[in-house]
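So the chains spell out like this:
There are 2 protein chains.
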Amino acid sequence: MNRKGILYIISAPSGAGKTSICRAILSFFPSLRQSISFTTRELRVGEQDGRDYHFVSPEIFAKMVEDDAFAEWAEVHGNCYGTARATLEQASEEGADVLLEIDFQGAEQLRDSGLNGVFIFILPPDMSELRRRLESRNTDDTKIITRRMANAAGEISEAKNFDYLVVNDVLDQAVEKVRAIMIAETSRTERIINILPEEFDLK
Amino acid sequence: MNRKGILYIISAPSGAGKTSICRAILSFFPSLRQSISFTTRELRVGEQDGRDYHFVSPEIFAKMVEDDAFAEWAEVHGNCYGTARATLEQASEEGADVLLEIDFQGAEQLRDSGLNGVFIFILPPDMSELRRRLESRNTDDTKIITRRMANAAGEISEAKNFDYLVVNDVLDQAVEKVRAIMIAETSRTERIINILPEEFDLK
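Those protein sequences? They're chains A and B, same order as listed.
FYI, the numbering for the first sequence is 1 to 203, going by the working numbering.
FYI, the numbering for the second sequence is 1 to 203, going by the working numbering.
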């Protein structure tokens, strides 16, 4: 039987360091495919359409929702984000592993839909460090930071449904943990059992 | 809450490379404690009492079985092997991680007893390679090798109860996989949830 691709879902509250971790992970695994989400939010400095997100208008996004084109989608801080079903289906057919960097609500939707993926939640070491990181970004005003902190507290308290919780205190160590999780999951019995030699008579 | 120690159970058919892998793993994790089994078998060249095994007489082993001193024990190829309950209990109390290198029957006993451990089974790439490795050891005659091959086939076909199956084709790669499994398990939600900050309100 052909190897099935593994879907790694990485989620985190704003400011926990999800994007830095995912960037490092993608450089470790050259054949890992990044799922590019669709979003209605504005492109930020340094971002690129088609690389960071597919930036679309609210009208196009709404049409895609109507057409059931998303495996998950959510409104976060007033903007919409979604993962196209086509992206995941194509990777699965090709046996490719996919890294999906999504918000908490999206991850919960995928989990609830029974998707067979590896769910990883990134945590800050504590709440005051999360606030410090959000403030140091200098991109958001106090009101937005307060909202992000409240959302973070809610998400963290519900994070027990994820398979793994990785504390991002020192970035390199958090990356090493996520990398280890990804390697380990390839050897989990239920994933590897179908690609072992038939003479092993495992079933 | 204090961190609980994790028990890593590594098992494999004779010749799959379990001992080489465990030796490398112990050098990677200096604080990892090795559980030393008791055995009635003869000490082999290069082995040391108290380091590789506690070598005891069949009479002493039988007395320990009678006293319920073993968490698991089994007779393998005519010799007895067992893990003392005291070894595991002491490590658990001290929050120490333990590496337990045991035979298939012993691992199954621990699994059946509901022990909360990480069960890893090492596999050869295929059966002909396993035979080649057993023959190249030059320690066993043909009859013993035939018996080991038959046992190996039986164990492998039942290995689906382990959490992880690691194929030992290239030793370094197998070691890297086991190492990744051990790092990953420290971030599994059910293991880490009790040692995260209380303000996260995770439960």
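No lab work stands behind these hints, which were simulated from the structure alone.
It should be emphasised that the depicted structure is a prediction, and the values quoted were computed from it without experimental measurement.
Hints may contain errors.
As the list makes no split between identical chains, a pair holds if one copy fits it or if it spans any two.
[Claimed, not checked] Think about it this way: if two alpha-carbon atoms lie no more than 30 Å apart in a straight line, the pair counts; the simulated DSSO-like pairs of lysine-lysine are:
#1 K160 <-> K4
#2 K160 <-> K63
#3 K203 <-> K143
#4 K203 <-> K63
#5 K4 <-> K143
Results of checking the hints against the structure:
1. In this assembly of identical chains, K160 and K4 lie within 30 Å of each other by CA distance both inside one copy and across copies; the values are 26 Å within and 18 Å between.
2. Taking the closest pair of Cα atoms, K160 and K63 never come within 30 Å of each other, the shortest separation being 33 Å inside a single copy and 45 Å across copies.
3. For the identical chains of this complex, K203 and K143 are inter-copy neighbours only, at 29 Å across copies versus 56 Å inside a copy, given an alpha-carbon limit of 30 Å.
4. Proximity of K203 to K63 under the C-alpha cut-off of 30 Å is found in neither arrangement, the shortest distances being 44 Å within a copy and 39 Å between copies.
5. For a Cα distance limit of 30 Å, the shortest separation of K4 from K143 qualifies neither inside one copy, at 44 Å, nor across copies, at 40 Å.
Hints 2, 4 and 5, counting from the list given before, are not met by this structure.
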